[in-house]
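So the sequence lines, in the order shown, correspond to chains A and B. What the first sequence shows, in my numbering, is residues 113 to 503, in sequence order. What the second sequence shows, in my numbering, is residues 31 to 334, in sequence order.
Incomplete in silico selection of chain B near chain A, CB under 8 Å: (1) Asp48; (2) Met59; (3) Phe102; (4) Gly103; (5) Cys303; (6) His305; (7) Glu310; (8) Val315.
Within a straight-line C-alpha distance of at most 16 Å, the following computed EDC-like cross-link-like pairs (lysine to aspartate or glutamate) qualify: (9) Lys254/A <-> Asp57/B; (10) Lys337/A <-> Asp115/A; (11) Lys341/A <-> Asp114/A; (12) Lys442/A <-> Glu333/B; (13) Lys337/A <-> Asp114/A; (14) Lys254/A <-> Asp48/B; (15) Lys207/A <-> Asp409/A; (16) Lys198/B <-> Asp256/B; (17) Lys198/B <-> Asp222/B.
Read the hints as simulated data drawn from the structure, not as lab findings. Glycine is no exception: its CB is placed at the ideal position from the N, C-alpha and C atoms.
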Amino acid sequence: MDDIRILAPSDLDTLIAELRERGFRVVGPTLRDETIVTGDIRSASDLPRGIGDIQEAATYRTRQRDDDAYFGFAAPAQSTKPVFFPSEEVVWRGKRDHDQGGHFTAERDTANASPVALLGVRSCDLRAVQIHDQVLAHRQFKDVHYTARRDGTLVIAVACGVPAATCFCASMGTGPRPAATDPQTGQPSYDLLLTEVIDGDTHHFVAEVGTDAGRDIADAVAASKGTAKDQAQAIDITNAAAASQTRAIDRNTVHDVLRASAESSRWEDVANRCLGCTNCTMVCPTCFCTTMSDVSDLAGENAERHRVWDSCFSANFSYIHGGPTRESLKARYRQWITHKLSSWEDQFGMLGCVGCGRCITWCPAGIDITEEAAALGRMSGLGSTASAAST
Amino acid sequence: MTTAPVDAGITDSARVTDSAPGTDSPDPMVPRRYAITKVREDTRDTFTLLLEPVDGPPLTFRAGQFTMLHAFGVGEVPISISGDPRGLDDDGNPAPLEHTIRNVGAVTRALVNAPPGTQVGVRGPFGTTWDVADAVGNDVVFVTGGIGLAPLRPAILDVLAERERYGKVLLLYGSRTPDDILYGAQMRRWADLNDVNVQRTVDNAPYGYKGRVGYVTELIARAGFDPRSAWAFVCGPEAMMRPAASSLTGRGVPASHIRLSMERSMKCGIGLCGHCQLRELFICVDGPVLDYARLEPLMNVREL
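Work out the full structure: start from the sequences and follow the hints.
Spelled out as structure tokens, the structure:
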């Protein structure tokens with residue numbers, strides 16, 4: 113029988129204090145500039161209590177909810193991606209000694225940060241972390257900085273009860289309730305899974321224990337025992353959340369649809385709308401492309417090499433002498449969506465999209481990945497008729 | 031998640047990437063220091079950089095692999111290694127690490143203009159290999175143009191090191207003009223001493239030029255080799271490799287016997303930065319050497 117506990121809203125402060133006491137850097141959703149972002153959490157007052165969100169294509173607004181929900185919103189503006197994979201970091205520093213005829217020593221910038229506790233991470237973003245583990249850590253060559261930051265992560269996930277109009281995790285099989293284990297590694301997905309229950313006058317969290325570490329935390333917070341009925345109530349909430357989603361991608365056909373669509377006339381159509389602004393790739397929780405930037409002082413004696421997020425939408429991304437290999441916007445959009453929904457599966461054994469909907473919300477032109485996938489499905493004749501997007 | 035290290039449980043067999051051999055470096059993103067011993071001018075825009083390690087033994091590599099060469103404070107570029115995989119020079123002495131590069135950008139300019147003694151950063155070797163030994167017992171056709179001969183040179187040296195194990199060996203080489211011919215003296219030596227059938231052509235020639243004028247693909251049609259069993263190793267710009275591979279298959283060489291070396295933008299060399307992707311391939315770790323059976327559908331889509 114699963115280990116179910118009940119946490120009161122007032123237990124959140126105890127929980128956060130306990131995590132901090134144990135040396136974790138607690139990271140979770142917080143309100144900044146009228147936007148829910150991922151940031152450092154020192155107490156429950158840092159959480160966006162009573163704040164909801166409205167998301168549509170090219171639209172993001174926060175709103176005041178009529179309850180005190182701590183997690184009453186969908187995907188935050190930014191995922192947890194920058195926690196383990198910052199937008200810019202030093203790969204090495206070098207010093208040149210002119211007296212020795214040009215001589216430099218490379219010094220690795222070692223990551224010695226505290227382990228992270230992800231508090232309130234959504235199923236979509238949690239799956240994105242698991243995908244990044246495959247892309248960045250489970251490789252022949254791994255990203256040593258990512259791997260160092262990821263080690264010892266504690267996950268207190270929150271099942272999503274209020275998807276936005278842009279969400280389509282249910283169709284991707286990545287939410288709104290996280291899978292108990294990472295399908296690639298078989299490891300537990302979370303240490304604790306919370307579902308926020310607000311029903312009339314009652315407001316509490318159903319906590320499902322995923323690991324011994326999670327149990328230990330639940331014990332330390334002195335969470336009361338829950339029942340199978342509580343767990344059933346939690347599952348009802350995510351089932352309703354899944355049923356409320358209107359956007360979808362047919363994950364069973366989309367790989368072959370994209371594979372067959374390289375010469376589709378749809379690319380011209382979408383390129384006429386795409387601004388090449390790179391927003392979609394900056395908010396995508398799985399996009400991992402980076403470039404290198406060399407920074408040196410005026411004397412040329414000290415230099416640093418920085419790894420910086422890059423985007424396949426920028427013209428320079430594919431540049432080799434003579435010009436970029438993907439010069440047109442249609443080729444760049446094709447690269448992005450084909451990678452997400454097709455070639456990612458060939459590379460890593462899963463799709464590269466978790467259905468968080470951020471690329472739809474944050475596209476200034478309102479380009480909708482579900483709509484494009486559905487259109488390509490229709491045009492190729494390979495899509496499922498059930499995969500209608502909300503157009 | 032706290033119960034196991036993040037890199038535990040690597041079990042996924044579904045993936046196709048990471049074909050290239052790994053490295054024992056604790057962090058493949060941090061370069062090793064090498065000192066420039068010599069910069070040899072090969073043509074008006076092409077130079078060969080000879081490097082010796084500052085600390086530790088010289089790196090070992092296989093034909094087809096590349097390194098990331100770093101000019102301090104300027105940047106880093108992927109360059110194929112053009113030396114002998116046995117680590118020896120023409121006279122059998124230990125050889126410096128050799129890269130032939132075209133002076134076409136900021137980093138390559140900094141590298142070719144650096145005085146001897148200058149230290150540069152080297153990461154690698156990375157990438158897949160020509161594996162010419164697959165052609166043992168059969169004819170071998172090298173098709174290349176311009177500086178494309180440089181990444182093929184280690185493969186040619188692999189064949190010549192065991193010349194008697196192969197059938198006919200052809201080197202079909204094209205360059206823009208007679209002044210752009212790379213390794214000219216060496217090609218003559220291979221022809222004279224190693225029984226290599228070297229055929230050269232130039233795209234454009236000055237008045238009075240006695241050699242052949244035309245594209246390298248035209249050489250394929252006339253070259254004497256057994257297409258059903260021959261292996262072809264092709265390196266050059268894509269605009270040359272595409273018709274070359276097509277001519278080879280047109281003569282009956284199986285696509286699986288044709289290997290090409292692809293060039294893409296690369297920032298990491300280890301399959302992490304995403305720049306070199308060609309549909310499902312990371313050219314740095316699944317290539318640069320790939321067989322034509324795999325590449326043909328990808329090369330035939332513009333801007334893929």
